[in-house]
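Starting from the known structure of chain C, arrange chain U on it as the hints suggest.
Line by line, the protein sequences are chains C and U.
In terms of the numbering used here, the first sequence opens at residue 1 and continues consecutively.
In terms of the numbering used here, the second sequence opens at residue 1001 and continues consecutively.
If you're looking for bench data, these hints aren't it; they were derived computationally from the structure.
Every clue listed holds true.
Below, a list of computed lysine to any residue pairs in the SDA-like style, where the Cα atoms sit at most 25 angstroms apart:
#1 U:K1397 to C:G59
#2 U:K1314 to C:H47
#3 U:K1397 to C:G55
Each chain, written out:
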Amino acid sequence: MGKWATRLSIGFLTTLAILSIAMIWIGHPNDINLNGVTNPTPPDIDHFLGTDDLGRDIGSRILDGARISLGVGLIAMTIAVSIGTVIGLFSGFMGGMTDELTMRVVDFIMGLPTLFIILIIQVILGPSLLNAMIVIGATSWMGIARLVRAEILSIRERPYILAARARGFSPWRIAIGHALPSALSPIIVSGILTMGGAILTESVLSFLGLGVQPPQASWGSMLQHSTDYLYTAPWMAISPGLAITLTVLSLNFIGDSLRCRANGNQS
Amino acid sequence: MMPQYPKKTLPIICTLAIALAANFGTGCARKASTAHGTMNLRLSGEPNLLNPILTTDAYSAQVVGTIFSGMLKVNEKLELEPDLAESYKISSDGKTYIFKLKHNVTWHDGVPFTANDVVFTFNTIIDPKTNTVRRSNYVIKGKPIRFTAVDSYTVKAELPEPFAPFLLSAAAEIIPKHLLDHSDINTASFNRKPIGTGPFKFKSWKAGQHIIVVKNPSYYGKPPQLDRIIFKPISDYNAGKIAIIKGDIDEFDVNPQDLDEMKKIRHLSLYEYDQLQYSFVGFNLKNRHLKDINVRQAIAYAVDRKAIVDAVLKGHGTVADVPISPVSWAYPTGNAITRYDYAPTKSAALLERAGYKKNTRGIYEKEGSELAFTIIYGQGGKASPKNAEIIQSALGKIGIKLTIVPMEWQSFLRIVNSGKDPKTFDLCMLSWSLSPDPDDYSIWHSSEYPKGFNFIGYSNPKVDGLLTRGRTVNNHTQRAQIYAEASALIGRDLPYLFLYYPRTISAVNQRIHGLSKPGPAGLFVRIEGISAD
Chain C
1 MGKWATRLSI GFLTTLAILS IAMIWIGHPN DINLNGVTNP TPPDIDHFLG
51 TDDLGRDIGS RILDGARISL GVGLIAMTIA VSIGTVIGLF SGFMGGMTDE
101 LTMRVVDFIM GLPTLFIILI IQVILGPSLL NAMIVIGATS WMGIARLVRA
151 EILSIRERPY ILAARARGFS PWRIAIGHAL PSALSPIIVS GILTMGGAIL
201 TESVLSFLGL GVQPPQASWG SMLQHSTDYL YTAPWMAISP GLAITLTVLS
251 LNFIGDSLRC RANGNQS
Chain U
1001 MMPQYPKKTL PIICTLAIAL AANFGTGCAR KASTAHGTMN LRLSGEPNLL
1051 NPILTTDAYS AQVVGTIFSG MLKVNEKLEL EPDLAESYKI SSDGKTYIFK
1101 LKHNVTWHDG VPFTANDVVF TFNTIIDPKT NTVRRSNYVI KGKPIRFTAV
1151 DSYTVKAELP EPFAPFLLSA AAEIIPKHLL DHSDINTASF NRKPIGTGPF
1201 KFKSWKAGQH IIVVKNPSYY GKPPQLDRII FKPISDYNAG KIAIIKGDID
1251 EFDVNPQDLD EMKKIRHLSL YEYDQLQYSF VGFNLKNRHL KDINVRQAIA
1301 YAVDRKAIVD AVLKGHGTVA DVPISPVSWA YPTGNAITRY DYAPTKSAAL
1351 LERAGYKKNT RGIYEKEGSE LAFTIIYGQG GKASPKNAEI IQSALGKIGI
1401 KLTIVPMEWQ SFLRIVNSGK DPKTFDLCML SWSLSPDPDD YSIWHSSEYP
1451 KGFNFIGYSN PKVDGLLTRG RTVNNHTQRA QIYAEASALI GRDLPYLFLY
1501 YPRTISAVNQ RIHGLSKPGP AGLFVRIEGI SAD
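Next up, chain C with everything else stripped away, as it sits in the complex (with noise of 0.2 angstroms):
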């Protein structure tokens, strides 16, 4: 992938982020106007992106949607990183039966359909965004946790490893001190490429009614509001649609320049 891919999409995040902060001061995303007006109205001067059909501006809620989103991506992000990277850790250094067993483990919860089970407590716990934050990082962890455990299993036998140990360091020294460091860049890229994912995720859960709650916007659930009027007001739903696709897409390439470069290049 070229760099300008890279640069635009790290342009791209950058201004939605910048945007989206701003709208806290700045915008009234929530702003119900029913001056008389019944129907969506198009693209205008006075709104870039059309109004919806309560009278709101779509480009306001599409920046205030975006700190849903990016929030939600990031804090999934961490919350997977960090459960995946202390089990993958803890496999790889213990290794033999301990190993085994967390792996299996680790498939087994791989092999269960993930949506469902964010559905489930969604339902159980009543829906809101941390719930849906944790829920989404607490489902998305498995890849990170078998990565970081792959790095650890060739890393353990290195030379250096092995002259730590011999001076006695204890085994979470060198885990955190000394491993974790050269295991780091192929986190970075999981990390990234799972915040898309959990950026996917919770515009499903909104569209589905079980992410943030109204009058918040979230490009899921505006997508969830446009689609009595895909016929009669597209722009209701196309904004939001390029909203999800633009970010998941920039996030994607940062994170593929990202693994190219780790790996030496090779693009």
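Chain U in isolation, oriented as in the chain C frame:
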């Protein structure tokens, strides 16, 4: 629409069915045979059974209505008229009903229909082993109504005490004794290949594809014009819309935002009519703030319900002020109704009079307790989230904080129907589908709390008295007055924020003729009179 569904389904079941209907996955539309004499109808979901005493959903009832008939039926004016019965008499004490049955009626398998079938049907409903939600219609104060066959064509019903809404329950569709007498009604194979007395005979049922009923040539009434009706389960709205445009189905309820598009389609006629239904926000009257009528009035004045009708229903509805539909024969006269029209300036005055003060965060409070509420509703419908957001925004402007909590339907019903006092909600949004009889004792009588449909804890001794009397008086005019008065009183007390009466917009293919006058009972009240080019 479902021509017969209001008359025999509990309101909550209807509401649930509507929600579920909106919830199901994608159906499949096959190329229709638009042949002469065939009508294709959409079902908004796949029926589970075709037994009139067991069904709980509107789409099963829609099919069942063509196959079965009852002693009486509801006509376009929501009045009862004889169907399998020729006539009926009510004793002067209102406790004995005598039904004279038609003589020339046979079941679809050729066996004659008699009074024994009627007695069997009602006794089966009353039997606690039967899996039916209809039993409560035939049990008065814990005592079941006694049905006996006086002779082959005379049925006597003896009520433990006078109960005027019984006549509507007596209109329930009748099932054949000779086919069901010795089998378990809940699991009988009959439930999937029914035999009735109606204008159409069951022919085939291919799950997920279609249910076909064909003309009953020996029907006792006017001979059916159609050769057959094909019911197609299409749960997805957009799939249904494409099907009506393509001509795969002949009738479809259109969302208001698609009305303009539908008007342009040459082969469709559009009909708009009221339903026996209203949407509302219920106040939990055990809440320390909401039990104060000033607070409820402040909320009512703050919400522009006309704007909700315009925005959510695109104007295809009417603002509601009382718990009874304007199409009901017991609707109160205009000047008896208290209207809380949009006047947000009154809200602040009311709250201040009730001792509330705005705090630093701009929210009214009294004794350190803020006016901050949650509103819950069951997910599935399109209107509820929009209503909630508009109400939230309106209350925010006057200084009342509202948090929206949509819930999965079962969780929602568990909170609302929990037999506990007090219940754990502040405000709840719901719709009632009403029966053609105005008796809504189960919703408003104080004895229906905490168990019962009076889940908000409404209690007004005057309303209690009227509701009890409405059940014992048989005179139509008197009953109309009683229920009009009760409705007006309830409307003034504002236990609900009544939102609106939605209207149905039906698109019908112009090759279909003989529709009944559009109304809450639908367009196919006289299905035998319908024909197709």
